[in-house]
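Residue numbers (our numbering), protein chains in the order written: chain A, 1 to 396; chain B, 1001 to 1372; chain C, 2001 to 2169.
Note that these hints are calculated values from the structure, not bench results.
Accuracy of the hints is not assured; some may be wrong.
With a straight-line Cα cutoff of 27 Å, these simulated DSSO-like cross-link-like pairs (lysine-lysine) come out [as the list claims (entries may be wrong)]:
no. : chain 1 : residue 1 : chain 2 : residue 2
1   : C       : K2064     : C       : K2025
2   : B       : K1055     : B       : K1086
3   : A       : K99       : A       : K155
4   : B       : K1256     : C       : K2025
5   : B       : K1256     : B       : K1086
6   : C       : K2142     : B       : K1256
7   : C       : K2064     : C       : K2142
8   : C       : K2077     : B       : K1051
9   : C       : K2011     : C       : K2024
10  : B       : K1055     : C       : K2011
11  : C       : K2025     : B       : K1233
12  : C       : K2064     : C       : K2103
13  : B       : K1051     : C       : K2011
14  : B       : K1055     : C       : K2103
15  : B       : K1293     : C       : K2087
16  : C       : K2064     : B       : K1256
17  : B       : K1256     : B       : K1172
18  : C       : K2103     : C       : K2011
19  : C       : K2024     : C       : K2064
20  : B       : K1299     : C       : K2103
21  : C       : K2103     : C       : K2077
22  : C       : K2025     : B       : K1055
23  : A       : K85       : A       : K99
24  : C       : K2064     : B       : K1055
25  : B       : K1086     : C       : K2024
26  : C       : K2087     : C       : K2011
27  : B       : K1299     : C       : K2011
28  : C       : K2142     : C       : K2011
29  : B       : K1299     : B       : K1086
30  : B       : K1172     : A       : K384
31  : B       : K1172     : C       : K2077
32  : C       : K2024     : B       : K1055
Okay, the calculated bits of chain B under chain A, using three or more residues with CB under 8 Å as the criterion [to be verified]:
no. : region
33  : 1115-1124
34  : 1130-1141
35  : 1154-1161
36  : 1192-1198
37  : 1352-1361
Partial selection, computed: residues in chain C whose CB lies under 8 Å from chain B [what the hints assert, rightly or not]:
no. : residue
38  : P2026
39  : D2027
40  : V2031
These numbers were taken from a predicted model, which means no experiment stands behind them.
From the three backbone atoms N, C-alpha and C, an ideal C-beta is built for every residue, glycine too.
Below, each chain spelled out in residue letters.
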Amino acid sequence: MQTLIQNLIASGAFGKNASPDLVAAIVIFVMSAVVFLGVAFPFAGIVSWAERRVWARIQSRVGPNRVGPQGFLQWLADGVKNVCKEDIIPDEADSPLFKLAPYLVMLAFTLPWAVMPFSSSLILADMNVGILYMTSVTALTVVGVLMAGWASNDKWSLIGGIRSAAQIVSYEIPAGLSIFPVVMMTGTLSMQNIIRGQGWAPQHWFLFANPFTFVAANILYISALAEGNRTPFDLPEAESELVAGFATEYSGWRYLCFFMAEWGNLFIIGAIITTLFLGGWQFPHVTNNVVAMNVLQLISFNVKVLFLVFVSMWIRATLPRVRIDQLMTVCWKYFVPIAFVNMIGTAVWVAIWPDGNAAMGYVMFAGGIALAVVFIQRVIYYLKRSRMEVYFNPTI
Amino acid sequence: MSTLHTEEMTLNMGPQHPSTHGVLRFVVRADGEVMREAIPDVGYLHRSIEKIAEKVGYHGFMPYTDRVDYVCAMFTNQGWGMACEKLAGIEVPRRGEYCRVIAAEFNRIASHLLSVGAMAMDIGAVTPFTHAIREREMINDLIEELCGARLTFNYMRIGGVAWDLPPGWREKALAYLDHFDPILEEYNALISWNKIYVERLASVGVITPADAINYNLVGPNLRACGIKWDIRKDIPYSAYPDFEFEVPIGAGDWGKLGDSMDRYVVRIREMAQSAIILRQALAKIPSGPVLAKVARNFKPPAGECQIRIESGRGDMGWYLVSDGTGYPWRVHVRTGSFAAMGIIQKLSAGLMIADLVTLIASLDVIAPEIDR
Amino acid sequence: MEPLQILERVKNRFGDRVLETVDKKPDPFSVVDPRAIVEIGRFMNEDPELAMDCLSNQSGVDYKDRIEVVYHLFSYKHRHTAVLKVKLPRENPVIETVENIWKSANWMEREIFDLLGVNFEGHSDMRRILMPEDWIGHPLRKDFVEPAEYHGISTVRESPIIRLDTKKK
């Protein structure tokens, strides 16, 4: 982004006497607004519609299909409805904290978009601590959720808030430890440099670089799901027990803040995994036209992230919820040791092959293809066995 | 370091909560996540159905029996019919008995589908519930053809059933059963052996066989503790002696014997057995009348009797006292959910709050049955 | 064992505390002395020939001159049933609890207390179960008159038919 701005100033697009700092500030401001208002928030809304449709098709239902074509405007209708609702604040609730909590959670959702690498030059701020910034800023949700749980003056909200805080803080550790293998392999924390360290072809992705990063990617994905309060780790919002957990007393647009943050987090989870393990925006160099290349890279990034978002929704529709003590057991007794092993393994790997081992990439990629083939075979087997009529058309 | 000062929380799992088991309330004393005690508070659905029986007469009470347990309405109908028939010495024609069994076993499948679906939803998996309801919809359509109602059937009468099977119904029922068996396997593949699900259910809420008998638990709850007792086999009534079927019991394969997983698996297996009974019944059904001749102003002789039938929730006991007039003197229904609620307070010590939901769901408690 | 044989055995053991044995179709029953119910219950539970380990149903019946508590006992071991009854006066029906023998009696006796007003001595938790805690009266009694209102909710509904019949303004 900085080079883009400098090029534009140098080419005189803003006039001869433009002060570089002022121009840079205004451009960044405008771009941030575009990203937040044009990408982040609408995405959070659209994914609510997409989640309902994906869920419904998995559950043999149809999902929203009335408001707009294929129900696409459902999220707008829900948003308008939530905003128009009465703003109820319980009498005994701690008013300043109660009102502040949704803002903190929204902050945790909004800040990571500053380092989201959409394409090789479309990134708001290519910090050289990009990935570290992203993971640390998403942890702000803990403060917001705890605040919401406490300030609601409701024992069930308190339980939900404490559960959520414990869960997010615990799963930060495997998530952080799973980032280290990639950092070790590239030697940098910057998002763009990590992506440039991979190639466009799957065998050059860090996912298939060596078995340790493969496992680390899975651990990172599951830990990120746990941090985002998604099933199977959605105990804080366990519907059948706590109605809505820490957000029980919230109504109207404050409630919307919490859930937009959760849905938008899906994109952030996908973006982290895509950047680190799936090659980010990498696309084969088919043209010398910078704009066209950027567009293709943008599409590549989005396809990968949206696939991961779809997988998150799929998992949520299928799996039940784990109990809080089982959640902690999984984190501390299984994920943390495995993440440590990954880290040490990758360190040894990098020591032996500092420039990476291309052959291992091909082997792991072949293994990945084999896994996918087995999975698809099982799906077809179950579909055939149940002799159900399957409707593959999602727009039914 | 001095000991940490901790307090016990008293929570209210109120009458309104997003669980489908009805209007139940628990006062939970919890130390963090671990409960000390969960005291059930019932009575929110008390409609004085037993007293209404004394006012509306024998024939008029039949629709009220549907409401005693609206998920298993055929069984309550059958229980009331059988109580009056036993007292008055009426014999139901063979075809009527077969129709009763067919309707009841379809109702059993529907009730168990709702139970396992709701249980999966309480544990957090939303998909099995919709699949179970989808299958139940087809049963509801079949029964709607049979008797006109989808939930509170009022299908049986004193002396038999109200209407005969419509033409073509047998074929539709058999087609449904052909469709149902592999669906049960698919359902099992989706949720029953899922690792997370098994971890949530195994060894949660273990009931020993001695406790089960002492607290008068019945039905799948009792069979899950390893006790092979099914009224259809052991005190056979209606047309059940004509059919061959098995009685699934729990074996403690995933955890301790008598835990929630056993209760869940027993229900799944019972559905398969019900399908077997239905096939036999639909194949062997004799011809003839379906309703015995019973007087309009039905006056059984003075006396009393007790009937036990195997409802979806277990052994449902009907105690009927008659004084010779056209109105019953006393009707008492002892339902399986009533006893199951009695044991929850004892089992809840040491469980986590998330496990309380699992426990209630696995005991298949239905609120109208408790309160009547 | 047949129900009559079971009741015979109890009568042989307890003599005149079993007041009468009625051989009525379809279910014969025995009326026992209320003060002996716990002993008889314990004997029926522990005797190896009877082994009545389950109190299958416990109900109260309000006859105009007395209240009866009916115990339907069942044995999982021998698969036989028996029926015991006690007759209590209507003014102050009191009987000892059998909760210590069969735990299922806990909730069933609470229900009989709630709906019929029978006091069970020694019960661990004698409070109303189906009706609200502050309800007055015992609804299943034959002479129960519903109160006109409960916490401001009226239980009387005016029927338009009655209004048309009367001539008042």
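Each hint, compared with the structure:
1. C:K2064 - C:K2025: Distance of about 23 Å is within 27 Å: holds.
2. B:K1055 - B:K1086: holds (21 Å)
3. A:K99 - A:K155: holds (18 Å)
4. B:K1256 - C:K2025: Distance ~44 Å between K1256 of chain B and K2025 of chain C Cα, so the pair is violated.
5. B:K1256 - B:K1086: violated (41 Å)
6. C:K2142 - B:K1256: Roughly 48 Å between the alpha carbons, so the hint for K2142 of chain C and K1256 of chain B is violated.
7. C:K2064 - C:K2142: The given pair, whose Cα atoms are some 7 Å apart, holds under the 27 Å limit.
8. C:K2077 - B:K1051: Given that 27 Å is the threshold and the Cα spacing comes to 35 Å, the pair is violated.
9. C:K2011 - C:K2024: holds (17 Å)
10. B:K1055 - C:K2011: violated (38 Å)
11. C:K2025 - B:K1233: Roughly 24 Å separates the two Cα atoms, so the pair holds.
12. C:K2064 - C:K2103: violated (30 Å)
13. B:K1051 - C:K2011: violated (34 Å)
14. B:K1055 - C:K2103: violated (33 Å)
15. B:K1293 - C:K2087: It is violated: about 37 Å lies between the C-alpha atoms, which goes past 27 Å.
16. C:K2064 - B:K1256: violated (51 Å)
17. B:K1256 - B:K1172: violated (41 Å)
18. C:K2103 - C:K2011: holds (25 Å)
19. C:K2024 - C:K2064: holds (21 Å)
20. B:K1299 - C:K2103: violated (37 Å)
21. C:K2103 - C:K2077: Between K2103 of chain C and K2077 of chain C the Cα gap is close to 18 Å, so the pair holds against 27 Å.
22. C:K2025 - B:K1055: holds (25 Å)
23. A:K85 - A:K99: holds (16 Å)
24. C:K2064 - B:K1055: Given pair K2064 of chain C, K1055 of chain B holds - Cα atoms ~16 Å apart, limit 27 Å.
25. B:K1086 - C:K2024: holds (13 Å)
26. C:K2087 - C:K2011: Holds: K2087 of chain C and K2011 of chain C sit about 17 Å apart, inside 27 Å.
27. B:K1299 - C:K2011: violated (34 Å)
28. C:K2142 - C:K2011: violated (32 Å)
29. B:K1299 - B:K1086: Measuring from Cα to Cα gives roughly 13 Å; hence the hint holds.
30. B:K1172 - A:K384: holds (22 Å)
31. B:K1172 - C:K2077: Judged against 27 Å, a Cα distance of about 42 Å means the pair is violated.
32. C:K2024 - B:K1055: holds (26 Å)
33. 1115-1124: holds (count 5)
34. 1130-1141: Satisfied; 3 residues make the cut.
35. 1154-1161: violated (count 0)
36. 1192-1198: holds (count 3)
37. 1352-1361: Since 5 is at least three, the answer is holds.
38. P2026: holds (5 Å)
39. D2027: With a minimum Cβ separation of about 5 Å from chain B (threshold 8 Å), the hint on D2027 of chain C holds.
40. V2031: violated (13 Å)
In the structure shown, a violation is registered for the earlier hints numbered 4, 5, 6, 8, 10, 12, 13, 14, 15, 16, 17, 20, 27, 28, 31, 35, 40, in ascending order.
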